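Asks: With these hints in hand, go ahead and build the complete structure from the sequences.
Sequences listed follow chains A and B, in order.
So the first sequence is residues 1 to 413, counted in my numbering.
So the second sequence is residues 1 to 73, counted in my numbering.
These are computed hints drawn from the structure, not numbers from a lab.
Every value quoted in this text rests on a predicted model; they were computed, and no experiment measured them.
You can trust all of the hints, since none of them are fake.
Listed next, the in silico DSS-like pairs over lysine-lysine satisfying Cα-Cα at most 27 Å (straight line):
{"no.": "1", "chain 1": "B", "residue 1": "K3", "chain 2": "B", "residue 2": "K68"}
{"no.": "2", "chain 1": "B", "residue 1": "K68", "chain 2": "B", "residue 2": "K6"}
{"no.": "3", "chain 1": "B", "residue 1": "K3", "chain 2": "A", "residue 2": "K4"}
{"no.": "4", "chain 1": "A", "residue 1": "K4", "chain 2": "B", "residue 2": "K6"}
Listing some non-contacts, in silico: residues in chain B with all C-beta distances to chain A over 10 Å:
{"no.": "5", "residue": "A51"}
{"no.": "6", "residue": "L57"}
{"no.": "7", "residue": "R60"}
{"no.": "8", "residue": "G63"}
{"no.": "9", "residue": "K68"}
All residues carry an ideal CB built from backbone N, CA and C; glycine is no exception.
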Amino acid sequence: MGKKHPVLRNLLLDAAAAGLALTVFALFHHVLPNKQQSLNLQTARPATAQASAAETKTETKTETETAAAQAADNARAAAETKTETEAEKTFTPEVRMTASTGTGETGRGSPPGRSSSRGGGKSSGRNSGGMGGNSKGGSALEESSETAAAVSDEAVNVPIAEKFADKYTDEVIETENSYSSQDLSITVSEVNEGNITYYVADIYVRDITCFQTALASDTYGSGFRDSIAGMAALKGALLAVNGDYYGNTSEGVVIRNGTIYRANATDCDVCVLYYDGTMKVMPGSSFSVEEAVADGAWQAWTFGPALLGSSGEVLTSFSSPNRIISANPRTAIGYYEPGHYCLVVVDGRGESAGITLPQLSQLFHELGCSAAYNLDGGNSSIMVWGDEVINNPSGGGRESSDALLIAEVRSDE
Amino acid sequence: MNKAMKWMNHLTAILGMMFLVFLVLDQFNPMMNFTDNTVSRWLLAALCLGAIARSILGWRREGGSERKTDEQY
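Replies: Listed below in structure tokens is the structure:
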């Protein structure tokens, strides 16, 4: 064949070489565990929590990251006094944060002991016609350089403990589909709407460190994967959903439990949760690590897109490919106001058809959120309540590199 | 010259195939950022350089054969 068909021979040889190169590329980038270093930055967390931080990072900065790190250090120093006072104003339980792990690395809450039945709280939900995504939202994110949730300064500055005092209970109260304590209130409901099944976890946190993230194998890097239930169990989480699967790519902002691991934003929208309880979704081009540090970023995810416009309006157009926009299993986070969030997981590719991005946008609008952000979906979409996966993950689900957790951090009494 | 040409052919073909795979994968999972990460940018640069070098070598060969043809007549 070699002499008769030299072109075919060369093509086959080159295809084999390309396949080999791609395999090596995939192995080193996605499969083999590769521990990576953080930026060695602490975000501008409240002073008391900073003092109690259990994380002592000794990682060295890479050359490319040094400039950003130095700039962020300067910004942090400048913002330190401001952040301390603001944090005290907006978050009352710093004293408790001192007593707790601070970094939220260890949740101490016991998972609600529930029966094997589904999340319960079934509701008929809204009319299926309600998710048509009729209203025009456009790509509002592109228009405004930074889209924060539409929360007034007054709302932000009211201490969360006062604002949602009626949601918390002195004693821990657990039911099949709810949990409440002095710091947390979670209600999980399963909604069947036409051919779509989704799960909504309505969450109130008095202490933002209850809103944690977990990394697979407790290690930052590529190639580390763990089940959501496994990560939830390890951290003693009450509720867990999959995160943005940061390990799938080497770029994009990654801030977890107050530690900046990666700060190179991509074109994707970035979602940042701050120590003061606010959540902002912004285009990657508007993200600045200095600003994030100065504003006290507690978590940041890179996936997207943003699901609501700058003033909470429904978005009907997305720049993602049609394959991504179409009906799929989804995981997303919604933000009402500081201390009040929701996590939504939509089943798909089975009895439940999944949901399109415009439908998801409509859903969050109807839930009353002022900002919402799409996380990793497809087979990754998993919600764990207590120690049980309560949704029907497509293809049986898959392991992920990170998870969002709601866990108790109080070191009680 | 012929050896360089041969290697350039292989280089451009291999890199071209790799990028076709990246493009297909990118359609299925854009979040994995196959086409715009640091490694693929270097590979793209190599593909461009390989293609340019391949073109230059090809032109030189064309020029040489044209000169030979002119001299013959």
